[in-house]
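Take the sequences, apply the hints, and build the full model.
So the protein sequences, as listed, match chains A and B. Sequential numbering from 1 applies to the first sequence in this note's numbering. Sequential numbering from 1001 applies to the second sequence in this note's numbering.
Each hint can be trusted.
Cross-link-like lysine-lysine pairs, in silico, DSS-like; alpha carbons within 30 angstroms at most:
1. B:Lys1191 - A:Lys191
2. A:Lys194 - B:Lys1003
3. A:Lys138 - A:Lys72
4. A:Lys3 - B:Lys1191
5. A:Lys138 - A:Lys3
6. B:Lys1439 - B:Lys1392
7. A:Lys312 - B:Lys1263
Sample of chain A residues with no beta-carbon within 10 angstroms of chain B, all distances over it, derived:
8. Gly110
9. Arg134
10. Lys163
11. Lys312
12. Gly358
13. Leu372
14. Glu377
15. Ile379
16. Leu389
17. Gly395
18. His397
19. Glu410
20. Pro442
These are computed hints drawn from the structure, not numbers from a lab. Quantities reported herein were computed from a predicted structural model and do not represent experimental measurements. Yeah, the Cβ is synthetic: ideal placement off N, Cα and C, and Gly gets one too.
Number of protein chains: 2
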Amino acid sequence: MPKTIDVTELVLRDAHQSLMATRMAMEDMIPACADLDQAGYWSVECWGGATFDSCIRFLNEDPWERLRQFRKLLPNTRLQMLLRGQNLLGYRHYEDTVVDRFVEKAAENGMDVFRVFDALNDLRNLRRSIAAVRRTGKHAQGTICYTVSPLHTPGDFVEMAEKLLELGCDSICIKDMAALLKPQPAYDIVKGIKETCGQSVRVHVHVHATTGVTMVSLMKAIEAGADCVDTAISSLSLGPGHNPTESLVEMLEGTPFEARLDKARLIRLKKYFAGIRPRYQEFLSNITGVETEIFDSQIPGGMLSNMESQLKQQGAGDRMEEVLLEVPRVRADAGFPPLVTPSSQIVGTQAVFNVMMGRYKVLTGEFADLMLGYYGETIGQRDRNVVELAAKQTGKHPIDGRPADLLKPEWHELRNAALALPGCNGSDEDVLTFAMFPKVAPKFFTTREQGPKNLGKDPAAAPVAAAAPAKPAMPENGNGNGKGPVRTPVTYDVKLDGKTHKVTVAPVQ
Amino acid sequence: MPKTIDVTELVLRDAHQSLMATRMAMEDMIPACADLDQAGYWSVECWGGATFDSCIRFLNEDPWERLRQFRKLLPNTRLQMLLRGQNLLGYRHYEDTVVDRFVEKAAENGMDVFRVFDALNDLRNLRRSIAAVRRTGKHAQGTICYTVSPLHTPGDFVEMAEKLLELGCDSICIKDMAALLKPQPAYDIVKGIKETCGQSVRVHVHVHATTGVTMVSLMKAIEAGADCVDTAISSLSLGPGHNPTESLVEMLEGTPFEARLDKARLIRLKKYFAGIRPRYQEFLSNITGVETEIFDSQIPGGMLSNMESQLKQQGAGDRMEEVLLEVPRVRADAGFPPLVTPSSQIVGTQAVFNVMMGRYKVLTGEFADLMLGYYGETIGQRDRNVVELAAKQTGKHPIDGRPADLLKPEWHELRNAALALPGCNGSDEDVLTFAMFPKVAPKFFTTREQGPKNLGKDPAAAPVAAAAPAKPAMPENGNGNGKGPVRTPVTYDVKLDGKTHKVTVAPVQ
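This is the structure in structure tokens:
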């Protein structure tokens, strides 16, 4: 009997986050839910920071309502979310009772599996949220952010797994957000966890596809004993996204492993999302192939386009090469944090500042906080000179305790502020929405009544439309970053009444 | 010391054949040759049936001259070609002395490695060309066309390898033209060959990427002892093409294997071809993702688009599903041939005929020949009733001998016919060009003097241009098949002098 390999489907969260700037509307997910629910997935990932943000920022959707709908539409399937530990779905540390409340409410609204990570792999930032998940009786998945540096060894990751299990995690996830996990370390880390922590410890592996090697890494992880792997249905896979679900199933045929998914439903899902994808053409990632330079620069694809856009805004689009060389240096100075939200943005932006204004002439507030320990501990020593600069610039002291210990209880204050907002419905869910996105939530509360917006467009309206997924290269400011797309105006020779005019036009919206 | 894994680079032949309808002009290859020559490849594949055909049909390039140029531009690298055994680069069997002559001339003009295959895996169709290669002292690579059927077992392929070695082949290639080779059979076949034929027998593995599993198959083949694998530089990889070269190099890091290629040169090559690719936008394949349905239908991607186009021409674009079900049936009736040029076209076209006109109401001449044994032997019994029909329709008898034994010496006749053509330069090379493409060569001889045509176009002329490879979905008649693209006209609202007009335009060429 082949061993069953479980699969987490990413199409409702990370896949469209990675490929179409998190813009997929609930309306476009609903028709897929019956097949998703019946295909045999271990879990369906459907909620996380960016989807929550996108719901209230772009789609006028209540993310809690989205969650409740998933619960109804996927009655047989574990719903899974990605939780940024003490940051929840926001970009700062929250005080412990807010963490507790968020986890409770997510569980109450239908969440089953909480994949909890911290960008710095600092366990102190994970402890509270993992404990909160355990109290709800839901599945707490402790997450290791995989990264590559002169300091990180497979042994370090195995040790982190041990500590996560000591915190009571139900499973371990190796999270490779930048497609850096090569086959051999994938094998070594999974093997190490199984040998050190016990064969019965569930190991999940999450990889992106960007570098073209990680399908092989999944195979080696499975050979080493991994229990569950993350994939996305093929029509929303590859590029900066993930490996295709159907290929995973086929890959295992004849091996001692088997993914028991319903192939006919997978093909239906593939076709369905192949039809959805072109509707979001203007948001599609411009990375369509493979990028192995990431192995040297350590810079994930999403971060790259962010930095390009920042440079262009400052009229310095030609200085990208310098920034690419600066990022690993800044990362080293910061003690080799993994590069994942929010550390990727913090390190990337500081690298841009260094190139534009001279190294550490100006520190961003976030980078200063990172250097001073306000995000937590890093594996490596942080550069003393830069720490000093950060202290001088901000007037703050370096800390070495758990950052959230500095926070005072804030629930009542947050609640009062939220309840004062027009359109707030007074629920804890609304308070949490406000707590996490205090700048975006107020407007959302006032527009919520108008109902969801679907930003997808009939592909027939676009110049080149076809059944196959259309992937035109987008202008760099048309992708991600929470910014709307800028349609490039095109100049045509137009013959009108026998006379030729040079006319610059944009497609009719 | 890790074992060195050799790499064959496909970018100059199969990559652009699979991704851009074989249209790349020599002019666009020349600037890459220095890096290709120095990167450390075991060989560079650069010649074959489709490139030869495309040279004279579309590019007004002398394919022999292209070969001589490669020889000069790649002085340190083995040049490799794909040879269709007794078919050479054409679509019929040639008489033995023509085979000898072709191989001699190819070797004389600079070819080093002859990868020789037969669409039916019939060794009798390979014997003569392999012997001819051996006489030139060049590398004869005996090729197994990988396919999946109820009859084919790993043992069959191992047995074929043994027989190819008995013919004096210098190495064995497992050729998976449809991306059907899964990891486990890849491992089993390579292992079987090494164990049965000896560890020192060189095994090369050629896979396409279409199904998303074959990067893993390469890994398993390497673990089983494969010596050399085929890849394409990433900017011309994936989809119906191949796995990316840079990813192969990275994938092996830390394993007991190593591909010693110069990464800096690979990145340069990647960037160079990323710039070339958008120039051929109108020829780009519309398959950009992964297609696992191939595992069930057995129909390779290129064949699929051919059949779609045939159906559309007959106003039956909606009957594709029926054809997809018919192909495996026709293939079974024909004794389970692998589906590769020309058997893929023969089986595919007959399936279209069956759906359009009733099963076997009309047989194509080629399908009748296939059923009657005029292409050689198949692994399975051919259906008796259909064989009878074929005999009745064509007035031919079934044969079971080597098809080429029926051919009379034809060199002098071919030579006289070629020499009578205006523009023929009287060389054996020209005679061979005529022999292989008797319908296309005459026109080519008359236009040759005008020099090569480059069908690539400045991507700035297209509406959406960017540094990243642009892959817009093309209308289905804009891809392959020797047909030009049809640019879809688009209607815009254009404001001109304050007045809005509905204007239909096409981009300026």
